[in-house]
Amino acid sequence: MSEDTMYFFWDLGQYLLNGLTQGSIYALIALGYTMVYGIIKLINFAHGEFYMIGGFIGYYCIMGGMPLYMAFPVAMLGSGVIAVIVEKIVYRPIRSAGRIPALITALGTSLFFQYTGQLIIGADSKAFPTAIEQKMWFFGEIMISNIQVIILVTTFILMIFLWWLVNRTRIGKAMKATSYNHDAAELMGIDTNKIISFTFFVGASMAGAAGVLVGMYYSTVEPMMGLIPGLKAFIAAVLGGIGIIPGAVIGGLTLGVAENLVVGFWESTYRDGIAFLILILILLVKPAGILGKNRKEKV
Amino acid sequence: MLELLLHLTILSGINIILAVSLNLINGICGQFSLGHAGFWAVGAYSAAAFTVYAQLPVPPEVNLIIGCFIGFIAASVAGLIIGVPCLRLRGDYLAIATLGFGEIIRIIIMNTDSIGGPRGFSGIPKISNIFWVYLFVAITIIIIANIMRGTHGRAIISIREDEIAADSMGIYTFKYKTMAFVIGAGFAGTAGSLYAHYTQFLHPNGFTFMMSVIILLMVILGGLGSITGSIVGAIILTLLPEVLRLMGETISEWRMVIYSVLLITLMLLRPGGIFGKHEFNPLKYFKKKGEVA
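Read top to bottom, the protein sequences are chains H and G. According to my numbering, the first sequence is numbered sequentially starting from 1. According to my numbering, the second sequence is numbered sequentially starting from 1001.
Isolated chain H (complex conformation) (with noise of 0.2 Å):
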C-alpha cells in the first residue's frame, strides 16, 4: 500500500472516532427526544434546554470543588427534575389542547430556558474546570485522549440501563403500555400522569449527562448551547424513526460519523448543512426512519 492510501485509512480512523464520540452525545440527547415523543407525541423543543442546564449543574457542581463522579450524577438528577416541574406545570395542562398548541409551548419554554440563562449566568461562554487531566493515547496515527474513552463508555452504560430499564422492569412496562395506548393503560390501572413524569425525567437526566460530558470534550459552557445539539439530536431521532429506541442510538451515531466525515474530507462550513441532507435523503427513501415501520392510514 503507498503512503498516501495508508495516510487516507488513518485519517478515516480518526473521523470515525471522532464521529463516534460526538454521535454518541447526539445519541444521548435523541433519546430523550424520542421517549418523549413515543409516550405523548409531543416534539419537545426544550430537550436541548435540558442538556444545557445538565452542562451548567455540572460545571458549578465541579467549580464548587466536587469530583467528577459526583458531580455526573448531581447534573442528571438536576436537570431530571427541572424536565418534572417543566412537565407538571407546563406540558400537562396543555395535553389535552392538541399537538400545535403543545409544540408552540415547547418552542416558548425553549426560548424562556435560554434567555432566563443568559440573564442569570451571562450571556458568555465560561471555560469548564478540568475536573481530569487530558492524556493522550496513540494507536498509530489514531489519536485518542482520555476524555473520549470516558465519553463512550458513559454513553454505552446508560444505553445498556436504558434498555434494561424499559424492557425488563415493571415502569418499563409501563411506560410502553402508555405509548402504546394511552386510554387503555389508564384503564388496567397504570397511573399514565407518574408514567409520563417519570419518562420526562429519565429523558432530561440522559441529556444532563451529555450536557456534562460536552462540557468536558469542548471545555466551554454558555447558555445557547443546547439550540445547535437539539436540533441534531431531533434529527437524529427523526432518522432512527422517532419514538423509538434504538432508532435514536442509531440515527445519533450515523449523524456524528457523516459529520466529522464531511468536516474532515471536505469543507467545515457544510458541517450542519449534511445533516440535514441526510436527514431529507432518509425521509424521502423511508419516510419513517430508519427503524420505523409504515403504517397504513386507516379512516
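Since the hints were derived computationally from the structure, they do not count as laboratory data. Source: prediction; values computed, not measured. Check the hints yourself; a few may be wrong.
[As the list claims (entries may be wrong)] Each pair of labels, with its calculated beta carbon distance range:
1. Asp-183/H x Ile-1130/G: 49 to 57 Å
2. Leu-1135/G x Glu-186/H: 50 to 58 Å
3. Arg-1245/G x Glu-186/H: 43 to 51 Å
4. Ala-97/H x His-1152/G: 28 to 36 Å
5. Ile-1251/G x Leu-68/H: 34 to 42 Å
[Unchecked claim] A partial selection of chain H residues facing chain G, derived with a Cβ cut-off under 8 Å:
6. Ala-97
7. Thr-116
8. Ile-157
9. Met-159
10. Glu-222
11. Ser-268
12. Ile-280
13. Val-285
[Claimed, not checked] Covered, in the sense of this in silico footprint (three residues per stretch, anywhere, with C-beta under 8 Å from a C-beta of chain H), are these stretches of chain G:
14. 1051-1061
15. 1080-1089
16. 1226-1232
17. 1249-1261
18. 1264-1270
Even glycine gets a Cβ: it sits at the ideal position worked out from N, Cα and C.
Please build the complex by placing chain G on the supplied structure of chain H, with the hints as guidance.
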C-alpha cells in the same frame, strides 16, 4: 420616536406578508411547514442580486416591482423544488424536512461568495418604503383571501380537515398541497424582496430556523387558518419586544423572558390562538342588513 414608529410599521407590514403566506400553507392547507425563513431568504437574496448586478436603467420604483416579481418567482420555484418531494410526508416529518431545507438554503447562501457569503450582502439601494410595503400587503391579503374563498380554496381547506376523505371525494390532494405551498413560498419571497430593499443589508444569520419559528408563532398566536388572525399576530409579535424594550431598564433586560412567558400563558389560556378559525371582516359593517357579506 416617530422614526421608530415608522420602522416598526414597515417591519409589521413585512411580517404580515410572511404570516399570511405561511397561514396559507400551515393554517388553510394544514401542512406543517417550518422552513418559511428559507423562502424569505431566497426572495430577499435573488431580488437584491438582481438590483445590484443588473443595474437596469429604469426608475427605482419599477426596479422594486421587478425585484418583487423576481423574488416571488425565485421563492416559488424553490417552493416547488422543495414541495414536490416533501409534501409526500405528513405531520412532524414534513415539519422537520422543511426545517432541513430552510437551513440548507441558508447554508448554501452562507457558502456563495458572489452574494456576500458569511460577510453579508451589502450595498442594496433603499427603495421600498411604507407605501410599497403596504401595497404588497394589500395584494397578498386580497389574493390569499380570494384563493381561500374560491373553488381551489375549498379543495385546500378540505385537505386540512381530512386528507383521506378529500382524496376519496376526488380531490387531487397532491396538486392542491403543492399549489398552496408554492403560492405561500412565493409571497414570502415578495416579503424578502421588500425587506432587502428596506434594510439594505442581508445576512444569512437573519434567516435562521428561529425566524421560521417566529413567523409560525405569529400565525398560531392569531389562530391557525384565520387571515385576520395572522395579521394581528404579526403586528403583536413585531411590536411586543419593542414595547417591552421601551418600558424601563429592568423590563427591557427581561423582555425575551417575558415574551416567552406570555407566549406560554396565551397557549395555556387560548390554545386555538386569538381568533381561532374565525375571521373579522370590517366590510361586513358597511353592508346593509340582510345582504350577505
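Consistency of the hints with the structure:
1. Asp-183/H x Ile-1130/G: 49 to 57 Å: holds (54 Å)
2. Leu-1135/G x Glu-186/H: 50 to 58 Å: holds (56 Å)
3. Arg-1245/G x Glu-186/H: 43 to 51 Å: holds (47 Å)
4. Ala-97/H x His-1152/G: 28 to 36 Å: holds (30 Å)
5. Ile-1251/G x Leu-68/H: 34 to 42 Å: For Ile-1251/G and Leu-68/H the Cβ distance comes to about 40 Å; the hint holds.
6. Ala-97: holds (4 Å)
7. Thr-116: Interface hint status for Thr-116/H: holds (5 Å vs cutoff 8 Å).
8. Ile-157: violated (30 Å)
9. Met-159: violated (23 Å)
10. Glu-222: Hint violated; Glu-222/H Cβ to chain G Cβ min 16 Å, cut 8 Å.
11. Ser-268: Interface hint status for Ser-268/H: violated (11 Å vs cutoff 8 Å).
12. Ile-280: holds (5 Å)
13. Val-285: Hint violated; Val-285/H Cβ to chain G Cβ min 10 Å, cut 8 Å.
14. 1051-1061: Violated - the stretch 1051-1061 of chain G has 0 residues with a Cβ nearer than 8 Å to chain H, which falls short of three.
15. 1080-1089: holds (count 4)
16. 1226-1232: violated (count 0)
17. 1249-1261: Since three or more residues must qualify, the claim that chain H covers the stretch 1249-1261 of chain G holds, with 7 doing so at under 8 Å.
18. 1264-1270: holds (count 3)
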